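**Student:** I would like the entire structure built from these sequences, with the hints used as guidance.
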Amino acid sequence: MLDDFLVRAMVAGVGVAIVAGPLGCFIVWRRMAYFGDTMSHSALLGVALGFLVNIQPMVGVVVVTMFIALVLISLQQRPWLSSDTLLGILSHSALSLGLVAVGLMAWLRLDLLSYLFGDILAVTRMDILWIYAGGAAILAALLAIWRPLLASTVHEDLARAEGVPAFRVKLIFMLLIALVIALAMKIVGVLLITSLLIIPAATARRFARTPEQMAVIAALIGAVAVVLGLQGSLHLDTPSGPSIVVAAGILFALSLLPFGRPKAT
Amino acid sequence: MEPRADTLIAGEGLSLAYGTQTLLHNVSVSVRAGEIVTVIGPNGAGKSTLIKILLGLVKPDSGHLSRRDGLRIGYVPQRLPIDPVLPLTVAKLMTLTIRRSRGAIAGALAETGVGHLIDAAVQTLSGGELQRVLLARALLADPDLLVLDEPVQGVDFAGETALYQLIGALRDRRGCGVLMVSHDLHMVMAAADRVLCLNRHVCCSGTAEVVGQHPEYIRLFGARAAQALAIYTHHHDHGHGISGNVVPLSGAGDDPEPPSRTRETGP
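Here the protein sequences come in this chain order: A and B.
Under our numbering, the first residue of the first sequence is numbered 1, with each subsequent residue one higher.
Under our numbering, the first residue of the second sequence is numbered 1001, with each subsequent residue one higher.
Hints should not be assumed to be uniformly reliable.
Listed next, with one range per pair, are the computed distances between beta-carbon atoms [what the hints assert, rightly or not]: (1) 1065(B) / 84(A): 44 to 54 Å; (2) 59(A) / 1067(B): 38 to 48 Å; (3) 258(A) / 1081(B): 23 to 33 Å; (4) 1081(B) / 74(A): 22 to 32 Å; (5) 1110(B) / 97(A): 50 to 60 Å.
One-sided and incomplete, this derived list gives chain A residues near chain B with beta-carbon spacing under 7 Å [claimed, not checked]: (6) 151; (7) 154; (8) 157; (9) 208; (10) 210; (11) 214.
FYI, nobody ran anything at the bench for these hints, they're computed from the structure.
All values derive from a computational prediction rather than experimental measurement.
Don't be surprised by glycine CBs; every beta carbon is placed ideally from N, CA and C.
**Tutor:** Structure (structure tokens):
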């Protein structure tokens, strides 16, 4: 079954979407959309670094995106620059630095477009194994920190006053984001990863009454977006990563229509 | 000040500066079991900072903090801004950090008069309802000490009276200590056993009557505030429920009823 490249692509894409949905909910709840974007934009630099020191590009991605996240957290302590501006600076600096690094490594024949926008049709069995093993580990970790993470998302001081190690939980959460970026890079590319995290989560909102429901629904919606996007990409001969994001965007637009029960608030 | 056996929490000589700005200077505060202590002061006086130090969220530069062994604190934060994108019911909010049965949750909500809201979405609550839910949430841990940061924020006038009466009743029933922060003066002061007037340092402290006549207090809040206090240290012959309806009180007086306003929103 996995001999067909399209089936491999679907299996891989659905796997990533199932992991991205629940994580994306926390990104949306914590208003970290741009934060996630900045982390994923730095992933290209991680790839370049991986090739430079001859380690797995995925490891390079996790190291660099985590580093960027830590830099962001420490810079956010400085009150003279708004978070917004900081994210803008880091996001584009990191992306450009990655592009420059790849450009400098003339010996590296890297298909830049496939890293920027994904190359899901080139997914191998090995990639699938990585996605499902890594994805299961990420979901298990998220489940383990679910309650403290949710508590500190609702009100950090309140959670801390009640004994939640909010900072440690936040670091673990960022590590999980870094890992999912590394896994999702091949599917939608570093420029579009955030959309796979955020759009299904936002789409799931109106159908959910609890955080847990929203996480599950987001995973399902993400999976549907992958399947629809890949089908569309095949029939219309359009690039696969962006097609998936377009499908997710259409699902989001549909969720805004006034059908079914009144909007849950 | 020698800590007494029934002292729940005590901070002594607490100081904190941020850069060159002094937030708190040599502040001492303590709460005993069954006592309501209210911290008042103008905006920027360091009230919330003091609370954060007492809760262990912020480390003071100097000073000493002591808590009774095994002290359970129920904390109600000043604000709870919940993004509409987070679907959260009251029951879920109540059990974010502790696990409790639905019966226990319902019991705590009933104790603060909002038992019917257990399945409501948090974002649909009015200011007064949210404060009561948060108060019930704090009660769920069976606290020895309630720490309330601006408990009547976003609550209308009639709701304010009812909330202060509720806080007093909870103290009477449970015997817990209450540490409360406020910037509105008269009603709080009438409800408190001790008042601490804070303006980065402790301006004055004592019973409401003593603080209300203290020159430092009058300088901070003006002479009208001192008169307002006198008006409000009286007894009511009735109270007001969460929707502003008249509810009977034990103990009658002969005062005019406070103007009851229309409720903000309702279930």
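**Student:** Taking 44 to 54 Å as the hint, is the beta-carbon distance of residue 1065(B) and residue 84(A) inside that range?
**Tutor:** violated (36 Å)
**Student:** Should the hint that residue 208(A) touches chain B count as held when the rule is a Cβ pair under 7 Å?
**Tutor:** Holds, about 5 Å.
**Student:** Between residue 59(A) and residue 1067(B), is the Cβ distance one that fits in 38 to 48 Å?
**Tutor:** holds (45 Å)
**Student:** Starting from the range 23 to 33 Å, see whether the pair residue 258(A) and residue 1081(B) falls in it by beta-carbon distance.
**Tutor:** holds (27 Å)
**Student:** Given the range 50 to 60 Å, decide if the beta-carbon distance of residue 1110(B) to residue 97(A) lies inside it.
**Tutor:** holds (58 Å)
**Student:** Under the criterion of a CB-CB separation shorter than 7 Å, is residue 214(A) in contact with chain B as hinted?
**Tutor:** holds (6 Å)
**Student:** Would you settle whether the hint for residue 154(A) is holds or violated, based on the nearest Cβ-Cβ distance to chain B being less than 7 Å?
**Tutor:** Since chain B brings a Cβ to about 6 Å from residue 154(A), closer than 7 Å, the hint holds.
**Student:** Grab the minimum C-beta distance from residue 210(A) to chain B and call the hint holds if it beats 7 Å, violated otherwise.
**Tutor:** holds (6 Å)
**Student:** Answer holds if the nearest beta-carbon of chain B is closer than 7 Å to that of residue 151(A); otherwise answer violated.
**Tutor:** holds (4 Å)
**Student:** If you take the shortest Cβ to Cβ gap from residue 157(A) to chain B, is it below 7 Å?
**Tutor:** Check passed: Cβ of residue 157(A) comes within 6 Å of chain B, closer than 7 Å.
**Student:** Can you tell me whether the CB distance of residue 1081(B) to residue 74(A) sits inside 22 to 32 Å?
**Tutor:** holds (24 Å)
Checked against the numbered hints above, the structure violates only hint 1.
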